[in-house]
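Read in order, the letters of the sequence shown are residues 1 to 428 in our numbering.
Hint data in this document are derived by calculation from the structure and do not stem from the laboratory. There may be inaccurate statements among the hints.
[Claimed, not checked] Have a look at the derived ranges for each label pair, beta carbon to beta carbon:
1) Ala201 <-> Arg399: 49 to 59 Å
2) Gly342 <-> Leu9: 46 to 56 Å
3) Gly8 <-> Leu295: 30 to 40 Å
4) Thr385 <-> Asn166: 26 to 36 Å
5) Ala248 <-> Leu9: 39 to 49 Å
6) Ala285 <-> Arg378: 38 to 48 Å
7) Glu221 <-> Pro258: 16 to 26 Å
No residue lacks a Cβ here, since even glycine has one placed at the ideal position from N, Cα and C.
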Amino acid sequence: MLQSLYRGLTTVAGPAVRLYLDRRRAAGKEDPARQAERFGIASRARPDGPLAWIHAASVGEANSVLVLIGRLLDSAPDLTVLMTTGTVTSAELMGRRLPERAIHQYVPVDLPDAVDSFLDHWRPDAVLWTESEIWPNLLAGIRARSIPAALVNARMSERSFSRWRNAPGLIGGLLSTFQVTLAQTEGDAERLRRLGAFGVASVGNLKFSAEPPPAASDAMEPLRAALAGRPVWLLASSHPGEDEIAAAVHAALAPALPGLLTVIVPRHAHRGDAIAELMRARGLAVLQRTAGHLLPGPEHAVYIADTMGELGLFYRAAPVVCMGGSFIPHGGQNPVEPAQLGCAVLYGPHMFNFGEITHMLEAAGGALPVADGDALTRETRRLLTDDRARERIVAGAARVTADNRRIIDRALGALAPVLGAAGIRTAA
Numbered sequence: 001m002l003q004s005l006y007r008g009l010t011t012v013a014g015p016a017v018r019l020y021l022d023r024r025r026a027a028g029k030e031d032p033a034r035q036a037e038r039f040g041i042a043s044r045a046r047p048d049g050p051l052a053w054i055h056a057a058s059v060g061e062a063n064s065v066l067v068l069i070g071r072l073l074d075s076a077p078d079l080t081v082l083m084t085t086g087t088v089t090s091a092e093l094m095g096r097r098l099p100e101r102a103i104h105q106y107v108p109v110d111l112p113d114a115v116d117s118f119l120d121h122w123r124p125d126a127v128l129w130t131e132s133e134i135w136p137n138l139l140a141g142i143r144a145r146s147i148p149a150a151l152v153n154a155r156m157s158e159r160s161f162s163r164w165r166n167a168p169g170l171i172g173g174l175l176s177t178f179q180v181t182l183a184q185t186e187g188d189a190e191r192l193r194r195l196g197a198f199g200v201a202s203v204g205n206l207k208f209s210a211e212p213p214p215a216a217s218d219a220m221e222p223l224r225a226a227l228a229g230r231p232v233w234l235l236a237s238s239h240p241g242e243d244e245i246a247a248a249v250h251a252a253l254a255p256a257l258p259g260l261l262t263v264i265v266p267r268h269a270h271r272g273d274a275i276a277e278l279m280r281a282r283g284l285a286v287l288q289r290t291a292g293h294l295l296p297g298p299e300h301a302v303y304i305a306d307t308m309g310e311l312g313l314f315y316r317a318a319p320v321v322c323m324g325g326s327f328i329p330h331g332g333q334n335p336v337e338p339a340q341l342g343c344a345v346l347y348g349p350h351m352f353n354f355g356e357i358t359h360m361l362e363a364a365g366g367a368l369p370v371a372d373g374d375a376l377t378r379e380t381r382r383l384l385t386d387d388r389a390r391e392r393i394v395a396g397a398a399r400v401t402a403d404n405r406r407i408i409d410r411a412l413g414a415l416a417p418v419l420g421a422a423g424i425r426t427a428a
């Protein structure tokens, strides 16, 4: 009944959704050249042969399935992968990183006509849906067409579980779309089972199997040369409210650490100007990477890397990395990437989106949680001045990432029934 009500409401919601997307476009959150894709109007022809549709909501989820896409394409030479995401940033990332025989499109909005147009054009043979992105009309369209489907790298937090169990019929129907459900943790798996998911298995988090973000070699050496001899720490993927903490950390550490450079990579690059103004107001000499001066000089205290797709470059340049989104109730950012690249990783108290990962890292001594800005100041000082302390954290993280690299093999093995039902044969 709730599904029917939702479909009825979304059938007449087209004008409101168009207005919403127009406002997002004006704010730079939609691609005007590709907005038709959001209404199921494809910008590419469907290739001949089998096609697997993989959906990931945004950058983090998209990164985590790139290794899965590569393995599928390697194992099935006639396969095409259709990758959908919902954000401009993730679309730009996919444009750079998707391999041949993989196509990116924006996911359609969850309006019945848009969903039907999308599915009728692409006619996927199999669907792999990631994490906890649930759109009722899209899932209903998959069921109506009897497309084999799996929920991959699935999460179900205690909070979401508490909400969904008040509507067991609705969530049970939505989860029935998937014949296989691959959960990140045993806790996620148990909650998904209790909500009615089928074929549930805990195979681990695909983020451990993902390749770390790349760095352009022609940018790496000049950056390392510019930073040579300077103590450097990085606030990665910062959110509003966290840049002030970075400024305070820098002010506290600079007298004892001559030449200290604080690097800030904002989660959203358009915030670069606002962060620069904040730093100037604190009396700190700041340089923005987008201002035409690509490399910081010795006179700069803060370097704002407000460019797209260069986080991997700065992970490789900074021995100490603090994860953004962790000092506000956002849930943190992915600590696996800097851990893979040999950084000593710190984060604040709000890492709830990466709870199992942080538990594993901390148990191995491979990451350092801090309670607040004062603790961040103390631990950053220690890690920048004590090589052995920093190396212990790096070594602990290396053990965790090495132990979990083969999660992709377990995932492919568990996906065999869905892929086989679609006529897609892979070597797991």
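Now for the hints, and whether the structure bears them out:
{"no.": "1", "hint": "Ala201 <-> Arg399: 49 to 59 Å", "in the structure": "violated, 24 Å"}
{"no.": "2", "hint": "Gly342 <-> Leu9: 46 to 56 Å", "in the structure": "holds, 51 Å"}
{"no.": "3", "hint": "Gly8 <-> Leu295: 30 to 40 Å", "in the structure": "violated, 57 Å"}
{"no.": "4", "hint": "Thr385 <-> Asn166: 26 to 36 Å", "in the structure": "violated, 52 Å"}
{"no.": "5", "hint": "Ala248 <-> Leu9: 39 to 49 Å", "in the structure": "holds, 47 Å"}
{"no.": "6", "hint": "Ala285 <-> Arg378: 38 to 48 Å", "in the structure": "violated, 24 Å"}
{"no.": "7", "hint": "Glu221 <-> Pro258: 16 to 26 Å", "in the structure": "holds, 24 Å"}
In this structure, the earlier hints numbered 1, 3, 4, 6 are contradicted, and the remaining ones agree with it.
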